[in-house]
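A.B. asks: Input sequences plus hints: build the corresponding full structure.
Okay, so the sequence shown: first residue is 1 according to UniProt numbering, each after it adds one.
In short, the hints are calculated from the structure, not lab data.
One or more of the hints may lead you astray.
Under the rule of at most 30 Å between Cα atoms (straight-line distance), these lysine-lysine pairs were calculated in the BS3-like manner [to be verified]:
| hint | residue 1 | residue 2 |
| --- | --- | --- |
| 1 | LYS118 | LYS2 |
| 2 | LYS5 | LYS131 |
| 3 | LYS131 | LYS46 |
| 4 | LYS115 | LYS65 |
| 5 | LYS46 | LYS115 |
| 6 | LYS5 | LYS46 |
Derived Cβ-Cβ restraints for the label pairs, each shown as a range [what the hints assert, rightly or not]:
| hint | residue 1 | residue 2 | range |
| --- | --- | --- | --- |
| 7 | THR61 | LEU114 | 34 to 40 Å |
| 8 | SER13 | ASN63 | 20 to 26 Å |
| 9 | LEU114 | VAL79 | 36 to 42 Å |
| 10 | ARG9 | LYS118 | 16 to 22 Å |
| 11 | VAL86 | LYS46 | 33 to 39 Å |
| 12 | LEU101 | PRO123 | 29 to 35 Å |
| 13 | VAL20 | PHE130 | 24 to 30 Å |
| 14 | LEU101 | LYS131 | 27 to 33 Å |
No residue lacks a Cβ here, since even glycine has one placed at the ideal position from N, Cα and C.
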Amino acid sequence: MKDHKVEVRVRYSETDQMGVVYHGNYVPYFEIGRVEWLRNKGISYKSMEESGIALPIVSMTINYKKSARYDELLTVHTVFKSQSSVKIEFDCAIYNESNELLTTAHFILVFVSLKSGKPVAPPDYILELFKAME
1 MKDHKVEVRV
11 RYSETDQMGV
21 VYHGNYVPYF
31 EIGRVEWLRN
41 KGISYKSMEE
51 SGIALPIVSM
61 TINYKKSARY
71 DELLTVHTVF
81 KSQSSVKIEF
91 DCAIYNESNE
101 LLTTAHFILV
111 FVSLKSGKPV
121 APPDYILELF
131 KAME
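C.D. replies: Structure below.
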């Protein structure tokens, strides 16, 4: 329950002239993983924003191991690491079709009020999710 996998196909526009994924395009892949992790747990990021809560990244560490290439089907593996006060942490990895590890990442996000721009406690329905994963 702490993890989720989603597949993403590398598009031509995400690569350089040699068909290699540009390093900055891994960040959106990881975002897809986090949003789909939430969706898989019954939480819509869109609904959360509509209720006045955002979840911006405050820290990101990415390690590139091997290049992803045009038209490869990638698997983004997102794992809930921890939650404390206003923060949530995820460990993520991207694998290619041969199950080779391409990239790893660690993200720290903070629950923020869209009105004030200040950190806030997670909504009750998210706290319930965290409790269920213990």
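A.B. asks: If a hint holds in the structure, say so; if it does not, say that too.
C.D. replies: Hints, verified against the model:
Taking the CA atoms of LYS118 and LYS2, the gap is near 27 Å; set against the 30 Å cutoff, the hint holds. Proximity of LYS5 to LYS131 is assessed by CA-CA distance (about 21 Å); at most 30 Å being required, the pair is judged to hold. Distance restraint check for LYS131 and LYS46: the Cα-Cα separation of roughly 22 Å lies within the 30 Å cut-off, and the hinted pair is therefore satisfied. Between LYS115 and LYS65, the direct Cα distance comes to roughly 40 Å. Violation of the 30 Å bound is thereby established for this hinted pair.
At roughly 16 Å between alpha-carbon atoms, LYS46 and LYS115 fall within 30 Å of each other, so this suggested pair holds. Simply put, LYS5 and LYS46 have alpha-carbon atoms about 20 Å apart, close enough for the 30 Å limit, and the pair holds. Distance hint check for THR61 and LEU114: the Cβ-Cβ separation is about 26 Å, which falls outside the suggested range of 34 to 40 Å. Hint check: SER13 to ASN63, Cβ distance near 24 Å, so the stated range 20 to 26 Å holds.
Between LEU114 and VAL79 the Cβ separation comes to about 27 Å, which falls outside the hinted range of 36 to 42 Å. Taken as a hint, the range 16 to 22 Å is violated for the pair ARG9 and LYS118, whose Cβ atoms sit roughly 38 Å apart. Checking the proposed 33 to 39 Å range against VAL86 and LYS46 shows it is violated: the Cβ atoms sit about 21 Å from each other. A beta carbon spacing of about 34 Å between LEU101 and PRO123 agrees with the range 29 to 35 Å that was offered as a hint.
The supplied range of 24 to 30 Å is broken by VAL20 and PHE130, whose beta-carbon atoms lie about 38 Å from each other. Between LEU101 and LYS131 the C-beta distance comes to about 31 Å, which sits within the given range of 27 to 33 Å.
The structure is inconsistent with the numbered hints 4, 7, 9, 10, 11 and 13, although it conforms to all the rest.
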